[in-house]
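> What follows is each chain in one-letter form.
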Amino acid sequence: MPAVSMTVNGKAVTGDVEARTLLVQFLRENLRLTGTHVGCDTSQCGACVVHIDGIAAKSCTTLALQCEGAKITTIEGLAEPNGPLHPMQEAFREHHGLQCGFCTPGMIMAALDIVRRRGNDLDEHTIREQLDGNICRCTGYHNIVKAIAAGAKAMAKGGARQAAE
Amino acid sequence: MSATGIGAAVRRKEDLRFITGKGQYTDDVVRPGETRAAFVRSPHAHAKIKRIDVDAAKSMPGVIAVLTGTELANDKIGNLICGWMIHSKDGTPMKMAPHPALASGKVNHEGDAVAVVIAETLAQASDAAEKVKVDYEPLPAITDPAKAKSGPQIHDVAPKNTIYEWSLGDAKAVDAAFAAAKHVTKLDIVNNRLVPNAIEPRAALAEYDAGTEHLTLWNTTQNPHVSRLVIAAFVGMAPEHKLRVIAPDVGGGFGSKIFIYPEEVVCLWAARKVGRPVKWTADRSESFVTDAHGRDHVTHAELALDASGKILAMWVKTIANLGAYMSTFSSSVPTYPYATLLSGQYDIPQIYCEVDAVYTNTVPVDAYRGAGRPEATFVVERLVEVAARQMDIDPADLRKRNFIKSFPHQTPVIMAYDAGDYGASLKKALDLADVKGFSKRRREAARHGKLRGIGFSTYIEACGLAPSQAVGSLGCGVGLWESAEVRVNPTGSVEVLTGSHAHGQGHETTFAQLVSERLGIPFDNISIVHGDTDKVQFGMGTYGSRSGAVGMTAVVKALDKIEVKAKKVAAHMLEAAEGDIEFKDGKFTVAGTDKSAAWGDVTLNAYVAHKFAGQELEPGLKETSFYDPTNFTFPAGCHICEVEVDSDTGKTEIVNWTAVDDFGTVVNPMIVEGQVHGGIAQGIGQALLEGAIYDKDGQLLTGSLMDYCMPHAHDLPSFKVGLTETKSPSNPLGIKGCGEAGAIAAPAAVINAITDAIGTEEIGMPATAQAVWSALKRAQPRQAA
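As you go down the protein sequences, you meet chains A and B in turn. Residue numbers for the first sequence follow this note's numbering, so the first one is 1 and each next one is one higher. Residue numbers for the second sequence follow this note's numbering, so the first one is 1 and each next one is one higher.
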């Protein structure tokens, strides 16, 4: 099996994978980073969204071998261990932007990418359109939209580090 | 109200783990030596299995075992069951066909499990599953419930594919009322088949300990104890005391994770056979063809009114598609939670309903958010709306004229409504939605070439499932009480073990709010434990908006006992009579004195037991309650939907949504609003976007998220949500439940709005752009764009 090396949440990792191993499988099974979820098999639901070199990607549709040398950030890498939460994480809690929590890591990672592309002042229409790649069955999106708008603003205010560094 | 007590919008305890990726869902659990399962599934909707050749699969790398229905039968693993007995009009019991966990001789729907491969890795299991050769003899299939009785017979036990022909109400009285009616409204309604699509796919991980002969199952279930009971007592997998079911974090359920499915049975069986843990996680394509679907009714309904718009009677005939097998509670869904709610919020003297349940070559159908009540509400609220239009009466006025205004109110269809104020929720909704300004908005929309419409849904539901005697008399195989155990630790912190199960509802927060308020102790000193049959002694799980009304009441009853016991301890500490001890805000005082003891001192004394003799008082502070409710609860409200339809494309945009609900006492308004939002989204999904479509051969055409249209953020508006409150008299907290209201109310509101906009009632669900455009073309629009 070929070996692959990448940086995940700031840590250098290597592993032997089959050529067909998906990034999400490498993260979940090899690295035991189970915060990244799989909710579908057609790249619709977005529960698997991570950042590859700072850009949101669906890890269920990315081969692990494609990420050779890449910098990956997952939900586990947003806040330092025992450090404060990332403002976007905090906003999801504050605005009840989650219920069962399964889509949440992907939502938060996608939200950060919306901020990267569209800035910190996001209107409802923009957020709703930009969330096309993420499905939530619990919340009806109402509070997710509020959380992303608030999280984006908080990131500007706090000078928070962008998640996708 | 304290900052963390009942009524406070406390932020959720459970969120920290979910927003940091530390949730533990079934697929996240890994056991040493774990193997993976891949199922071989039927590509045919209906076929005989002539031969299964597993040799090639067995020789594939990493394969540990390949098992089929033959081995399952040899090992005497029992069938899955449906736990609610319905009798037909003629008194005969429902026709429950055998449902083995792996098909035996015949497959009855696309996705029916035929064999399972157990291998070292998922990739190896999946590769080998493709090498299992199954020789099928395809048979003609039937998928349309309306034609099921004349279709090819699926099960020997069920001639004409008929499971039961059931009825409720007085047919003769209804006929007489119709004969005397001034106006009759008639509707043909299809309540579209839905796929629940919880975002976490179902999963099962089974482990066998050969030393203790214990089996453990981690499972995506809403009710671990019911799952254990069925798998032990009916499937016969293991004695109940040697089977542990753990429901860890569960990623949404909406009903679909109530049921006991073939896959968990097979994983348990295989784990014992191969002597290693076995894990299966559905991929989404598997979810589509194995998770129980929802709804799928074909209905003809009629409403009789007098000249003033007073409803005299209702007549309903429904054919309910239950799919290829009877799922765990499928028989009940189109009967008791359906026909008993046909009175809606209205004083209707006579109602008669007939329901024929049929088998088809489709995925089994069972409870999905609302379960029977959305179907009933759609019938009632469409009939009332259309009657108002036909009689040229304002739809809100027609509703008001017929509202039940005094309580208790006995409907002609079993239910005794105990409290409500339907006029209040309608009035508040009319104000919030600015219905007065609607005509102006309609004219403005017309100027932009848009057809604007408004639709109401004044719904009712029966929740707080349920008084055990009552449901037992209706055929339910279990009791629907709930349990709670309150464990007070020596340091005064509290663990509450509940038989309810949360999979998004936030019980770890709301149950702790109740305890914090009642005991006057900090919210952070309370933990809620659920979802493990080794921890919680027994419980009925979460569905039917029951956890607040029933589950929290069980906690109240246990807390009552805790207070009694703690007062005894305090009496000994304070050297006072037990009757003189008062408890308030976490402090015990002796009435009329300044003597007091803090909560933590009393709890410590309960355990060190230095102040009382064991003969007088047992040490410790732990109490249990099994609470059986006295009635259902009856949440109700009014949802108003305003749409704009583009007459060129048929695309509907929801421009305003107003929901005013009466849920009785609200424990956490933030969480309740979230439940309302989610329910509305699923209801809008049903009305506008979602529909499971089978072709005539029984192939599911909408078998992935690319084909089945789930609501996305840009499909939905933000929601205006308001509350009215009448307390439920059937539980001490006054809670009615909020989990299903949105899904129950929404579809009728959407379709009433669209039909108002386009001027024709001839539109089904989902009202896609194509469907609306076609309806517009067929009809002469009431209003020109």
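If you're looking for bench data, these hints aren't it; they were derived computationally from the structure. Do not rely on the hints blindly, as some may be mistaken.
[Said to hold, decoys possible] Negatives, chain A to chain B, calculated, CB over 12 Å: (1) Gly10; (2) Ala12; (3) Thr36; (4) Gly77; (5) Arg118; (6) Gly158.
[Unchecked claim] Short, incomplete list of chain A residues facing chain B, as computed with Cβ under 10 Å: (7) Cys40; (8) Ala57; (9) Thr61; (10) Arg117; (11) Asn120; (12) Asp121; (13) Leu122; (14) Lys153.
[Unchecked claim] Stretch-level coverage of chain A by chain B, calculated; a stretch enters the list once three of its residues show a Cβ under 8 Å from a Cβ in chain B: (15) 2-8; (16) 42-56; (17) 62-70; (18) 99-113; (19) 137-151.
We put the CB at the ideal spot given by N, CA and C, even for glycine.
> Take the hints in turn and mark each one as holding or not.
Hints, verified against the model:
no. : hint    : verdict
1   : Gly10   : holds (15 Å)
2   : Ala12   : holds (20 Å)
3   : Thr36   : violated (7 Å)
4   : Gly77   : violated (9 Å)
5   : Arg118  : holds (14 Å)
6   : Gly158  : holds (17 Å)
7   : Cys40   : holds (4 Å)
8   : Ala57   : violated (17 Å)
9   : Thr61   : violated (13 Å)
10  : Arg117  : violated (16 Å)
11  : Asn120  : violated (19 Å)
12  : Asp121  : violated (18 Å)
13  : Leu122  : violated (12 Å)
14  : Lys153  : violated (17 Å)
15  : 2-8     : violated (count 0)
16  : 42-56   : holds (count 4)
17  : 62-70   : violated (count 0)
18  : 99-113  : holds (count 8)
19  : 137-151 : holds (count 9)
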